[in-house]
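A.B. asks: Residue numbers (my numbering), protein chains in the order written: chain A, 1 to 326; chain B, 1 to 326; chain C, 1 to 326; chain D, 1 to 326; chain E, 1 to 326.
Hints listed in this document are in silico derivations from the structure and should not be mistaken for laboratory results. A quick note: this is a predicted structure, and the numbers were derived from the prediction, not measured. Ideal placement from N, C-alpha and C gives every residue a C-beta, glycine not left out. A portion of the hints provided could be inaccurate.
[What the hints assert, rightly or not] Listed next, the in silico DSS-like pairs over lysine-lysine satisfying Cα-Cα at most 25 angstroms (straight line): (1) A/Lys10 <-> A/Lys43; (2) E/Lys25 <-> E/Lys10; (3) B/Lys268 <-> D/Lys268; (4) A/Lys54 <-> A/Lys68; (5) E/Lys54 <-> D/Lys268; (6) A/Lys268 <-> A/Lys209; (7) C/Lys321 <-> A/Lys268; (8) D/Lys322 <-> B/Lys268; (9) D/Lys268 <-> C/Lys268; (10) E/Lys268 <-> E/Lys209; (11) C/Lys321 <-> A/Lys321; (12) B/Lys321 <-> D/Lys209; (13) E/Lys322 <-> C/Lys209; (14) D/Lys209 <-> E/Lys322; (15) B/Lys321 <-> A/Lys321; (16) B/Lys74 <-> A/Lys321; (17) E/Lys321 <-> D/Lys321; (18) D/Lys43 <-> D/Lys54; (19) C/Lys43 <-> C/Lys25; (20) D/Lys68 <-> D/Lys54; (21) E/Lys268 <-> B/Lys268; (22) A/Lys268 <-> A/Lys322; (23) C/Lys74 <-> C/Lys54; (24) D/Lys321 <-> E/Lys322; (25) B/Lys321 <-> D/Lys321; (26) B/Lys43 <-> B/Lys10; (27) B/Lys268 <-> A/Lys321; (28) C/Lys74 <-> C/Lys268; (29) E/Lys209 <-> C/Lys322; (30) A/Lys321 <-> C/Lys43; (31) C/Lys68 <-> C/Lys54; (32) A/Lys322 <-> C/Lys321; (33) C/Lys43 <-> C/Lys10; (34) C/Lys321 <-> E/Lys268; (35) B/Lys74 <-> B/Lys209.
[Unchecked claim] Ranges between beta-carbon positions, derived for each pair: (36) E/Val165 <-> D/Glu64: 38 to 48 angstroms; (37) C/Val92 <-> D/Lys68: 52 to 62 angstroms; (38) C/Glu169 <-> E/Glu33: 56 to 66 angstroms; (39) C/Asp238 <-> E/Tyr78: 19 to 29 angstroms; (40) B/Leu319 <-> A/Glu169: 25 to 35 angstroms.
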Amino acid sequence: MIVDSALYRKGQRVEVDCFPHEFEKLRAEATDEGDFVWVGLYKPSEGELDDVAKSFDLHPLAVEDALKAHQRPKLERYHDSLFLTLKTLWYVDAEDAVETGEINLFAGQDFVITVRHGRGSELHSARSRLESDTAILTHGPGAVVYAVCDSVVDGYGDVLDELQVDVDEIETSVFSPARTDDSNRIYVLKREIAEVRRAVLPLREPMRKFAEGMVDRVDPDAGPFFRDVLDHLNQDADVIDNLDSLLSTAFNAHVARISVQQNDDMRKISAGAALVVVPTLIAGIYGMNFEHMPELGWQLGYPFALLLMVAVSAGLWVLFKKSGWL
Amino acid sequence: MIVDSALYRKGQRVEVDCFPHEFEKLRAEATDEGDFVWVGLYKPSEGELDDVAKSFDLHPLAVEDALKAHQRPKLERYHDSLFLTLKTLWYVDAEDAVETGEINLFAGQDFVITVRHGRGSELHSARSRLESDTAILTHGPGAVVYAVCDSVVDGYGDVLDELQVDVDEIETSVFSPARTDDSNRIYVLKREIAEVRRAVLPLREPMRKFAEGMVDRVDPDAGPFFRDVLDHLNQDADVIDNLDSLLSTAFNAHVARISVQQNDDMRKISAGAALVVVPTLIAGIYGMNFEHMPELGWQLGYPFALLLMVAVSAGLWVLFKKSGWL
Amino acid sequence: MIVDSALYRKGQRVEVDCFPHEFEKLRAEATDEGDFVWVGLYKPSEGELDDVAKSFDLHPLAVEDALKAHQRPKLERYHDSLFLTLKTLWYVDAEDAVETGEINLFAGQDFVITVRHGRGSELHSARSRLESDTAILTHGPGAVVYAVCDSVVDGYGDVLDELQVDVDEIETSVFSPARTDDSNRIYVLKREIAEVRRAVLPLREPMRKFAEGMVDRVDPDAGPFFRDVLDHLNQDADVIDNLDSLLSTAFNAHVARISVQQNDDMRKISAGAALVVVPTLIAGIYGMNFEHMPELGWQLGYPFALLLMVAVSAGLWVLFKKSGWL
Amino acid sequence: MIVDSALYRKGQRVEVDCFPHEFEKLRAEATDEGDFVWVGLYKPSEGELDDVAKSFDLHPLAVEDALKAHQRPKLERYHDSLFLTLKTLWYVDAEDAVETGEINLFAGQDFVITVRHGRGSELHSARSRLESDTAILTHGPGAVVYAVCDSVVDGYGDVLDELQVDVDEIETSVFSPARTDDSNRIYVLKREIAEVRRAVLPLREPMRKFAEGMVDRVDPDAGPFFRDVLDHLNQDADVIDNLDSLLSTAFNAHVARISVQQNDDMRKISAGAALVVVPTLIAGIYGMNFEHMPELGWQLGYPFALLLMVAVSAGLWVLFKKSGWL
Amino acid sequence: MIVDSALYRKGQRVEVDCFPHEFEKLRAEATDEGDFVWVGLYKPSEGELDDVAKSFDLHPLAVEDALKAHQRPKLERYHDSLFLTLKTLWYVDAEDAVETGEINLFAGQDFVITVRHGRGSELHSARSRLESDTAILTHGPGAVVYAVCDSVVDGYGDVLDELQVDVDEIETSVFSPARTDDSNRIYVLKREIAEVRRAVLPLREPMRKFAEGMVDRVDPDAGPFFRDVLDHLNQDADVIDNLDSLLSTAFNAHVARISVQQNDDMRKISAGAALVVVPTLIAGIYGMNFEHMPELGWQLGYPFALLLMVAVSAGLWVLFKKSGWL
């Protein structure tokens, strides 16, 4: 699906009299220095993408990658254009889960093509923000690359904030006195953190290259801006490592607490058992059939025996309470 | 066994009037620029391989390696030819197991020799695909190297998809309420993932060299294609790391759940024991031989005692149910 | 909030007749070689920081970073100025916790701007120390950068000393014979050590650059001083690794001891149970209703039975004591 | 002990009329280009080694190392000679253990000196093989270095095959239903694998240097041969990592299975206990002394009670069997 | 405290007519090429060290480091002198503990100053050895640096030998059938190994620099000697890694054995309980009050019942023995 296609000149969107899919007509208008076309696609069909590829001379391998949408984040340079793949992340509250999408971006001297896959990776707001900021847009395709990267990486931060909340909840749960089986949640969270890691870490290399001005199609003056994105990625990477390591530690603590609880339970059970077993012994003694057992003839023998049982149990109770077994 | 041997010219298979094993005759026909011979061997005997080695001046160390078939993936350059070793992988559904084969590949200016070991590493379809794509075949031996690598690496993806399914099954099993002893399956799967890792990881270095055009016998224009293979390997490496780490986490969760279950069992057993032991105490009390025990003379003393037992047990039952011990 | 702003000339604070926020007036006085202005801000409002940025031509991205105060330690070079971010750490005794603040520092040829966030990151004493040491202050902004770094890194050492005490306490607790549930404390401490690590480790790279004289605005003669700071950071990093690894080992030992204690408890409980169950069997035997049981008719049958119970229990007691079960 | 000393010329052993320890006489005969002396020593005394050192101008530090025999594998270059240390490994079937020896090798332009320590590191067969292969021997001392390295590294492969068998045995044992305490064997095997690792890994660096022709005394044409040795070492390193990681996983599985077994045992024991405790309660009930208990007067009361006990126990048995507790 | 101060010329100690603390007088005598002064200090006061610093133009930062004695091993170059910090280690038999000291060493063209902290780091014997070896001493300050390093690193080897013995003891203890709580000892030993590691590992970098002749004040000819020290450090590092990893494995085995023992205990306890509980059931049965129980009237009913109990218990005993539960 073609979401939007437009020509930009001196930071302004220029109306061109053509259908959105008449890319060559659109590109033919980009005659001035700094003019460029931005085509936005969402889950394009093979045909749509082929049209775009033909109009902008995209490398077939990059086009194939853009169609499949199961790439690692990466930056590749073909003769006269860039191909950048980013993973988009968002947090689905209803399911407490992280979902991933993908943006593939082609950038040449006079064009940018963005190909989105998956829900939540919208670029409309990034385009609007750019269109309202003429100063940045005048920098050409590089500005769009920056805007997309910035928007995607901002999304990472939001997801990590949510995951931080989840880790805090697990932490509270693990150290609460309640019996909780946190291993399942920890497992799921570790899996999600691994997914975030796979989106964040490989993107640092492309951003580093942009920041150091090592990429042809991107203005070296844009370096500090990409360095800013890289800073965010580095900070995200730190957060990811920290969350993962906290989860591991929390898991170990969880296991240790299970053992401690089992120990406590065992001692409580044993103490409880003693409260029943010792009176049973007393009852057994007075159930013996000896002919000469003075207590049996007492008028108050029976209440005495019951009292003895209660007294012994009460004594054991106090003893266990004092020693912490109950 | 000689599977196939043919001469290729301008991307076309050329019929040469000779027996498959008359390699020198075949090679003598490769007179034009870009002509090359492709010999395919399957588990060759020492004699067969020696014939080939003599006809194409292969280095004895490489020939020895090609015969033994227990190599690590590697790329080696001898004076005027390349020697590439790849591990092939396939998943045997019947046994839920990964099996490995090996392809050794010699490439010179006018020849490619492929030596296969193990089931499942067939190259026939790769040859057919190539023969139907004249454009690629015109690139000479390098095209064959690419076609073989691409085909082998595609196979890795399939195997990883199957292993992903296995890991998902284990995950489900670990977190199911049923008592499952997953450690054996996790162990076996970890072993298989290690095997896949040993095939995938060392192959990245040769692909990187091809992608960067650092290898003589391979056309630098083929770089993007080998970069594509390298991308797949990198993605496979990510998947492998992820599966392995998921398995480790799942294993830990498995152990934690055993502890939780033991805890639950212990509490259930203790509660169950209380339901028997307390009535036993009551029976013991009324089994005492005191002369003066009023209840013993009651007309309904016996039903009363039975009722008392049932009532106490029922009370305990409710208590344990409420506190989650039963 | 503007904490202080002053002009320094030849290592002396020069009184300038202006309000603290008249930065441009102040800067205009810095006409001699080596003159510089030092502005100290604490949690500045966006407006205050914008004023400063305008007066000293600070890069907008750096200003944005200085405002937000959730940065990683880093050093960035903009055309004619440096931007350095440091994390400050201090130990709150009341809560046994580490808190973090942040100092952002801009340094140009004739100015230093320090922006503090969070309690405890005071720079007043650093400024006083510097003002009393004319020799150092004559080195210009670089001297202030050093003084700030030195002061902050000294703070790290203090925090690590406190954490060392905490780890020692945990160690004592883990290996004490008392039953302690140390996993919570170990978890919290690991979390704090991770926080310290995130402050200390990334700062080494900027200090290394200063030490090697790779930074424009800093006098290469200051190298040994920054190398001294770097040495402290390296030593801190060693201590952090060591504490973290000690905690992990202590945690494992904690878990092992829980198991050992459970084992001990189980044996004690079993031995205790035997002391009750065996006499119960004896009572049961003499409770049997056989017509011909000679003991039942004995005059001293009952005391004999009681004695037998005591004797058997005492025998078991000795046995268990000897074998270490009680 | 001097094992052998000989002069080689054009790949042939040349008889020189002197005693084995007359090294200088022997060396004096090595006048032609390519001539060299090979002296083989086994656990030499300090005096013997000093003689050799004097005759061949060996560096005192290298001589000291060769005498002590507790070196890491390493390659060192002294002005005009090489000093190479290798660890030899062999598997002692009787003890299921790996033993280590050491070979120190000095190589100059016209001599090779091999100093062996420990059983099993024999070089006699390597010498015989070399002497029967004139083509290789003509390459001078470098050929001997290769032959020794090749022979030693072949030994590593044999040892690893044996260790593989041991790991397979442990794997079978861990996952067998029998109760096995495998931790001791796993520990011992891990220790032996660590020993093999210490022999194999550091040797890769010297082999890499030889393979890349970076070492003066060794013919660059020998590169592929040393690369072959290096390949073996790399493959050995892979196997070592794999075995070690399998052992760790097996150990974890072992621990998990202990827990599972304990769980099973606990349930079995509890079920067994129920089969005894419940009849005891019934016996207790009919042991009560109520005056009005109709069953007591029944003619078949006693068999009825026994039957009741058996029936209840049988019912429990079926119940436990069904629920998997027995 | 000034331990010794002397002038060396051509490898000989030269008597100078001055007090030990008249450093400038002493230094003034070092007029010939190769002459140098060696001052040995032990826990110097700030004043003593200041005197020395003034006489030999030492850098204040290095002097501060030398005074405090809590440095990491490091090598620093100030304009015309070296500053080397080494950690000394020794094993205190009485406490089975490793203690650390520190040696700080300044080396200039005509002086060496050694500053020792902590017991056991004596240098007297190193000085004596050097003074008796004129050949080495003629190499000047570099020779002293080597002698000190060599002596300190020899000490590491001794400490590691003792730790090896400790690890062997723990290993024996872990796998002995006795119940041992080894976690405390393993913890302490891991802590000590970490301390040794912190002394050994950072020293490798300075030694590497000396070995490669990258340090101005040290004769490049001394390279092989420092390489020898570096070899020792590398070997020590291997041993440290190995000991640490053995301890970890031993700890895991320790935990596994606790579980196995608990399992064994539980089975033994259960079997023991059965031997008491089953006879109790029999006693309960013959304690029932049925009017028609033929056995009760038997002349030998009582002995029969006792025999039955014994027989059943004996049967169970045999059963448990056979199945390994007792």
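A.B. asks: If a hint holds in the structure, say so; if it does not, say that too.
C.D. replies: Hint check results:
| no. | hint | in the structure |
| --- | --- | --- |
| 1 | A/Lys10 <-> A/Lys43 | 30 angstroms, violated |
| 2 | E/Lys25 <-> E/Lys10 | 19 angstroms, holds |
| 3 | B/Lys268 <-> D/Lys268 | 13 angstroms, holds |
| 4 | A/Lys54 <-> A/Lys68 | 18 angstroms, holds |
| 5 | E/Lys54 <-> D/Lys268 | 82 angstroms, violated |
| 6 | A/Lys268 <-> A/Lys209 | 63 angstroms, violated |
| 7 | C/Lys321 <-> A/Lys268 | 23 angstroms, holds |
| 8 | D/Lys322 <-> B/Lys268 | 17 angstroms, holds |
| 9 | D/Lys268 <-> C/Lys268 | 22 angstroms, holds |
| 10 | E/Lys268 <-> E/Lys209 | 63 angstroms, violated |
| 11 | C/Lys321 <-> A/Lys321 | 24 angstroms, holds |
| 12 | B/Lys321 <-> D/Lys209 | 73 angstroms, violated |
| 13 | E/Lys322 <-> C/Lys209 | 73 angstroms, violated |
| 14 | D/Lys209 <-> E/Lys322 | 62 angstroms, violated |
| 15 | B/Lys321 <-> A/Lys321 | 24 angstroms, holds |
| 16 | B/Lys74 <-> A/Lys321 | 69 angstroms, violated |
| 17 | E/Lys321 <-> D/Lys321 | 24 angstroms, holds |
| 18 | D/Lys43 <-> D/Lys54 | 18 angstroms, holds |
| 19 | C/Lys43 <-> C/Lys25 | 23 angstroms, holds |
| 20 | D/Lys68 <-> D/Lys54 | 18 angstroms, holds |
| 21 | E/Lys268 <-> B/Lys268 | 22 angstroms, holds |
| 22 | A/Lys268 <-> A/Lys322 | 13 angstroms, holds |
| 23 | C/Lys74 <-> C/Lys54 | 23 angstroms, holds |
| 24 | D/Lys321 <-> E/Lys322 | 23 angstroms, holds |
| 25 | B/Lys321 <-> D/Lys321 | 24 angstroms, holds |
| 26 | B/Lys43 <-> B/Lys10 | 30 angstroms, violated |
| 27 | B/Lys268 <-> A/Lys321 | 23 angstroms, holds |
| 28 | C/Lys74 <-> C/Lys268 | 59 angstroms, violated |
| 29 | E/Lys209 <-> C/Lys322 | 62 angstroms, violated |
| 30 | A/Lys321 <-> C/Lys43 | 54 angstroms, violated |
| 31 | C/Lys68 <-> C/Lys54 | 18 angstroms, holds |
| 32 | A/Lys322 <-> C/Lys321 | 23 angstroms, holds |
| 33 | C/Lys43 <-> C/Lys10 | 30 angstroms, violated |
| 34 | C/Lys321 <-> E/Lys268 | 17 angstroms, holds |
| 35 | B/Lys74 <-> B/Lys209 | 11 angstroms, holds |
| 36 | E/Val165 <-> D/Glu64: 38 to 48 angstroms | 25 angstroms, violated |
| 37 | C/Val92 <-> D/Lys68: 52 to 62 angstroms | 55 angstroms, holds |
| 38 | C/Glu169 <-> E/Glu33: 56 to 66 angstroms | 59 angstroms, holds |
| 39 | C/Asp238 <-> E/Tyr78: 19 to 29 angstroms | 23 angstroms, holds |
| 40 | B/Leu319 <-> A/Glu169: 25 to 35 angstroms | 31 angstroms, holds |
The earlier numbered hints that this structure contradicts are 1, 5, 6, 10, 12, 13, 14, 16, 26, 28, 29, 30, 33 and 36.
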